[in-house]
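Residue strings, one per chain:
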Amino acid sequence: MSGALLECKGLDKRFGGVLALAEVGFNINRGEIYGLIGPNGAGKTTLFNALTGIYAYDSGGFSFAGETLAGLRPDQIAARGIARTFQNIRLFGNLSALDNVMIGRHVRTRAGVFGAILRTRATREEEAAIEKRALELLEYVGIAARANDVARQLPYGDQRRLEIARALATEPKLLALDEPAAGMNATETLELRKLLERVRADGTTILLIEHDMKLVMGLCDRVLVLDYGRSIAEGPPREVQSDPRVIEAYLGGAVAGAAA
Amino acid sequence: MRAGLRQMNILSPARAKWLGVALIALTLIGLPFALSSVGTAWVRIANLAILFTFLALGLNIVVGFAGLLDLGYIAFYAVGAYAYALLASPHFDLHLPFWVILPIGALVACLFGVLLGAPTLKLRGDYLAIVTLGFGEIVRIFLNNLSQPVNITNGPQGISRIDPFSFGSFSFSQNETIVGLAFSGPIKYYYILLALLLLAIVVNLRLQHSRIGRAWEAIREDEVAARAMGIDTTRIKLLAFAMGASFGGIAGGMFAAIQSFISPESFVLVESIMVLSMVVLGGMGNVWGVVLGAVLLSFVPELLRYTVEPLQQSLFGRSIIEPEVIRMLLFGMALVLMMLYRPAGLLPSAVRKRELTKPQGREA
Amino acid sequence: MDIFLQQIINGLTLGSVYAVVALGYTMVYGIIQLINFAHGELVMIGAMVAFSVIGALAGTQLPPVLIVLAGILVAVPVCMAVGYTMERIAYRPLRGAPRLAPLITAIGISIILQHVALLVWSRNPLAFPQIIPLVSFNVGGAIITGVQIAIILTSLLMMVGLTLMVYRTKLGIAMRATSQNPQVAGLMGIDIDRIIAFTFIVGAGLAAVAGVMVGTYYGIAHYSMGSLLGMKAFSAAVLGGIGNLAGAMLGGILLGVVEALGAGYIGDLTNNVFGSNYQDVFAFLMLIAVLVFRPSGLLGERVGDRA
Chain A
1 MSGALLECKG
11 LDKRFGGVLA
21 LAEVGFNINR
31 GEIYGLIGPN
41 GAGKTTLFNA
51 LTGIYAYDSG
61 GFSFAGETLA
71 GLRPDQIAAR
81 GIARTFQNIR
91 LFGNLSALDN
101 VMIGRHVRTR
111 AGVFGAILRT
121 RATREEEAAI
131 EKRALELLEY
141 VGIAARANDV
151 ARQLPYGDQR
161 RLEIARALAT
171 EPKLLALDEP
181 AAGMNATETL
191 ELRKLLERVR
201 ADGTTILLIE
211 HDMKLVMGLC
221 DRVLVLDYGR
231 SIAEGPPREV
241 QSDPRVIEAY
251 LGGAVAGAAA
Chain B
1001 MRAGLRQMNI
1011 LSPARAKWLG
1021 VALIALTLIG
1031 LPFALSSVGT
1041 AWVRIANLAI
1051 LFTFLALGLN
1061 IVVGFAGLLD
1071 LGYIAFYAVG
1081 AYAYALLASP
1091 HFDLHLPFWV
1101 ILPIGALVAC
1111 LFGVLLGAPT
1121 LKLRGDYLAI
1131 VTLGFGEIVR
1141 IFLNNLSQPV
1151 NITNGPQGIS
1161 RIDPFSFGSF
1171 SFSQNETIVG
1181 LAFSGPIKYY
1191 YILLALLLLA
1201 IVVNLRLQHS
1211 RIGRAWEAIR
1221 EDEVAARAMG
1231 IDTTRIKLLA
1241 FAMGASFGGI
1251 AGGMFAAIQS
1261 FISPESFVLV
1271 ESIMVLSMVV
1281 LGGMGNVWGV
1291 VLGAVLLSFV
1301 PELLRYTVEP
1311 LQQSLFGRSI
1321 IEPEVIRMLL
1331 FGMALVLMML
1341 YRPAGLLPSA
1351 VRKRELTKPQ
1361 GREA
Chain C
2001 MDIFLQQIIN
2011 GLTLGSVYAV
2021 VALGYTMVYG
2031 IIQLINFAHG
2041 ELVMIGAMVA
2051 FSVIGALAGT
2061 QLPPVLIVLA
2071 GILVAVPVCM
2081 AVGYTMERIA
2091 YRPLRGAPRL
2101 APLITAIGIS
2111 IILQHVALLV
2121 WSRNPLAFPQ
2131 IIPLVSFNVG
2141 GAIITGVQIA
2151 IILTSLLMMV
2161 GLTLMVYRTK
2171 LGIAMRATSQ
2181 NPQVAGLMGI
2191 DIDRIIAFTF
2201 IVGAGLAAVA
2211 GVMVGTYYGI
2221 AHYSMGSLLG
2231 MKAFSAAVLG
2241 GIGNLAGAML
2251 GGILLGVVEA
2261 LGAGYIGDLT
2271 NNVFGSNYQD
2281 VFAFLMLIAV
2291 LVFRPSGLLG
2301 ERVGDRA
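Chains as they are written, first to last, in our numbering: chain A, 1 to 260; chain B, 1001 to 1364; chain C, 2001 to 2307.
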């Protein structure tokens, strides 16, 4: 498994007169954990929204597994194999954890109105498979005991895990995580790190936005640093960490602190 | 606690459930004979109540499951009714059998639903509300005016002498004695309607607990997240809209056959509001709630007619407030009060209750 | 008689009424993103109240202008009170609730108002008493009546007044701030509840005047006149770009003219297959067309859900 899974070239995104992303380009290889870091407002989430089809961009674009993503809707992009989580957690809050993950199976299953009404054998089998897979995924992220709890009432860390399970349910080739460790304590972060390593080991490439430098440095193979919508450095964490531009423009003492 | 209650019961829960179902079934089967001993009018009322319950279950797919506000739902009912009337009446001298026309009516109504929904469902939900409201009015205007230059709808006079349901020589409009029981026309229709209603309930329940039903829930909860999970929201919403429209089309066909006369007056905005009130009162998204709401709102006006009118006569010697006005005031108040105090309805669905009673963001 | 010019004049008259009503929709939508379905009923109530007053005063020897003015002066506060109550009872408790909830209460309120009006004024329409002498002027082959001139001028006056209020006064600034971002406006010390209530009151006042105008124009007012008018005015607001004041004015006038021209020419254009009884269809068809081709309206920003 090698070669670029996702290529991004010359991506520009404007909001009115503000250039939120300027000439951003990078490649993510298969099987990699690729970090995206930068100070608040650097354009990380904007990049995510452009990648997943929520925002249209002005020029440049993505190619994923050899196909362009230009002009695709979010659901089509999910169908191609990119799943995401949200910075501010967007679960289906009033549904059970299990239902959340089962909805994630939507794009990989087929039963339509007639199948549902007639309850054909194919539909029943598919439904059973959806539930089975959803339970497996809850187990996989470690919240199987919470399957029937209402998503909104889960503890914060479990909500993050549930969002990952829901994203994994779409069978992504690329899992894009927007600050998955935000608000987690050290133990939870450690567990998250183990989970993400397992996801990668099981063959899913990961794109990660994260502020927790320790997590980024320990987990990512390569990182891209954004500042004011421009990429200012890219490479293995150790190299980026010592890049004077990065230290000056963004991190200051934080990287040094994380390295120590 | 629930388990404890079950154990205290002498009957096993499964048996108790079946006993309950059997009792309800027997009551429903016997009901028309009991009603006709009071007066045939009551059988007709029961028939209309079932028809409206069917209609409410159709709207439930749109409003309850998919969370789309359709204010012109009666237009689809009208389309179905006119489709039936035009294809089975002396008006064009066409007399197709009902089992051909009902699907045609459903299909035509569905087509209208798609044509109306396709451009608007991409936009925010409130646009759909106003567009459907307008659509309802437009359909009525066309029904009233399409008598010239070619007489299609016969204008405000409506279409009469519509064929009843029939299999060969067995007509649903005649009285008949079968195994010693007198079956009047309305009683025969009652059983057909009841069967249709059961079908509608099954369809609702199965849709709700299916891949499509979950997708509707997802859209209602968070459209952006639903899309990110690969749900084609426009298509799935359109599906709900088209399903609801088809239900309306079938109900309209039934209505035309039972009444044997239809005119644009039966398809006014008020009727849309009534069906919506049934769904809201009973509990959006909960099939049994919707059934309850529909039955309540179907019978309450009749009760009003038989109580308020005589009461006013005896108190004041004349009728001060028409029952029709009271009915409408009740609908209006039901909509407002339910939303304010019990937004998930009398029999709420668990998910809908959580959605509607916990306002997000700032405190109410 | 020049049909084209005549229809333009008729269209401008009705269009300026639509514009005034559309302002009410667009203001409320701009500030709390709610389609106030009951707004049309405020127009109706305005017309009914004013007609009752005018009818009562018709026998006196007061000058007609004064009588109409008295009608307006009573109708406006009544409508404002109804508008305020409506916001207070049916919308404010639902702020922050899912979108469907206030839409449904709005429908409920609309039904209630309509039938309360039916109880108060009965099913029979109120007629405008014959107090205004018919004055008309000939303009290039078309006729414009005194009433039409009065309607157009009054509408213009209200539009200018509203614009000045929104852009020149402190209250207006607070309104615009609230519509931009209620949370931030609240943090800046703006009493959001007050501003929203005020928006409803202003909209209701405009609706009352619009009711008097449209009633006077047709010479008739009845309990169910509000819903169709409301729907048309809403279409006008969408046409101009919902949430945008100038858009509502432009949309209203445009809709009036299109409708009048449509009604005037549809017979000729379709070989009399369709007659002017299809007039009410235009607003709706235009609404659909706008939503399909330019959902943001002529002057509005992009509508669509925010990510």
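Some hints here could point you the wrong way.
To be verified - Ranges of calculated distance between the beta carbons of each label pair, as one might list FRET restraints:
no. : chain 1 : residue 1 : chain 2 : residue 2 : range
1   : C       : F2293     : B       : Y1341     : 39 to 45 angstroms
2   : C       : L2156     : B       : Y1341     : 41 to 47 angstroms
3   : B       : R1342     : C       : G2055     : 38 to 44 angstroms
Source of the hints: derived by calculation from the structure; they are not laboratory data. Ideal placement from N, C-alpha and C gives every residue a C-beta, glycine not left out.
Hint by hint, here is what the structure shows:
1. C:F2293 with B:Y1341: 39 to 45 angstroms: 42 angstroms, holds
2. C:L2156 with B:Y1341: 41 to 47 angstroms: 44 angstroms, holds
3. B:R1342 with C:G2055: 38 to 44 angstroms: At 42 angstroms between Cβs, range holds.
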